[in-house]
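S.K.: Residue numbers (my numbering), protein chains in the order written: chain A, 1 to 266; chain B, 1 to 174.
Calculated directly from the structure, the hints in this document are not laboratory data. Don't take each hint at face value.
Stated by the list, open to error - DSBU-like, lysine-lysine: derived pairs with alpha carbons at most 35 Å apart:
id : chain 1 : residue 1 : chain 2 : residue 2
1  : A       : Lys166    : B       : Lys90
2  : A       : Lys188    : B       : Lys78
3  : A       : Lys188    : B       : Lys54
4  : B       : Lys90     : A       : Lys188
5  : B       : Lys54     : B       : Lys78
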Amino acid sequence: MKKTFAFLTLAAVLAAPLSAQAHRAWLAPTSTVLSGNDAWVGFDAGMSNGVFIPDHAAMRLAGLTITAPDGSTAQAENLHQAKYRSSFDLHLSQPGTYRVANVGSGFMASYKQGGEAKRWRGAEADFATALPADATEVEAVRTESRTETFVTLGAPNETALAPTGKGLELVPVTHPNDLVAGEAATFKLLLNGQPAADVEVAVARNGLRYRDNPEEVTVKTDAEGAFSVTWSEAGLYWLGAAVRTPGANGQPGVNASWNGALEVLP
Amino acid sequence: MRKLPLVLTAAGLAAAPAVAPTAAWAADLTVNVELPRISSASYHRPYVAVWIEKPDQSTAQTLAVWYQQTRNSEGDGKDWLKDLRTWWRKGGRAMTMPADGLSGPTKAPGRHAVTVPAARLRALPAGQYNLVVEAARELGGRELVRVPFRWGAANTAAGSGSTELGAVRVAVTR
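Model the full assembly from the supplied sequences, consistent with the hints where possible.
M.R.: This is the structure:
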């Protein structure tokens, strides 16, 4: 009994720092490099501590945006939300690269009323009239998130990869469906279309459950927003970055985040 | 469609005098590829690609692609061309299959020769190259064999695979 108790205490201590960290959002494709006249790819989307391990929460796909190789919008099929993951299919019917993204935004505020800390969450449009008149120390934050991946039928192209200029985004130097183990790849991060300098990017490989070492690395973007990763092994990699811009002059702060899944082949 | 061969021949003749000096050695390239007999409860013939690679490992020219030419209940043969991963990335994905003089059906275990007449290699400058053979098999593995050879004078070279490929021999004749 004593041993069990000690273990539980230890587990609680270990779990504490993890729970403080937000769960990671991921959108995982069943494959990324395809040939033939047409092809199908399935996707799973969830949030969890271990990337691509569906054991916590399914992702709501309200902001699912699929851009086809010609820049038009493609539709997901067979949408389904399960307990731990949401899934859908995409029929690739034209050659080139598809960008598959779940784009979300939100608004929240923390404030004090009579010395008591309170929170409000809702639409940004309602914010001006939502808080009580005696609210003090108001801090408002807009969140902008993009969780995405890329799949290519035939030869890759870059039409769908053009930045939208909103939030935190990845733009290719190396094409995201042209990644091979042992080779280096370079990408750029943009915040609202501008280079996002000095931002940390976490790089984690799938299969965490079947090894002891997380093998996670962090790289930093340079002045042009560029960063490079040398893939040590083949696998599905999760990349994540976030930029917090504090509010000022009555403007809300902005928490922008980008999460991507990139497949590296042997 | 019937007129196409005539047109090609005419183009070939027209181009011939212009390239005569560089094609002075007028060599043919022969590649012998051995597909090993593999004991497997569910053997499928491998997809194979043969190509010439420059020293920087970029593709100079694809010589042969053997893949399932038909559609079956599981899909079209071209759906699995991407399993020839290296060839697919280094040039296959930019090509249209079937390709005249290049593509053909999968081959049974044994020795197979790919003979490329000099006329098809007119654009290849003399120099050092790799001959690359890649094989990928359904429910099996993938293997790549690189054989360095010289284009520009008669020579032979050989290499060997260990799982999906056997001996690979390259001969530049004349």
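S.K.: State for each hint whether it applies.
M.R.: Status of each hint after checking the structure:
1. A:Lys166 to B:Lys90: holds, 34 Å
2. A:Lys188 to B:Lys78: holds, 34 Å
3. A:Lys188 to B:Lys54: The given pair, whose Cα atoms are some 30 Å apart, holds under the 35 Å limit.
4. B:Lys90 to A:Lys188: Holds - the C-alpha atoms of Lys188 (chain A) and Lys90 (chain B) are around 24 Å apart, at most 35 Å.
5. B:Lys54 to B:Lys78: holds, 26 Å
The structure meets every hint from the earlier list without exception.
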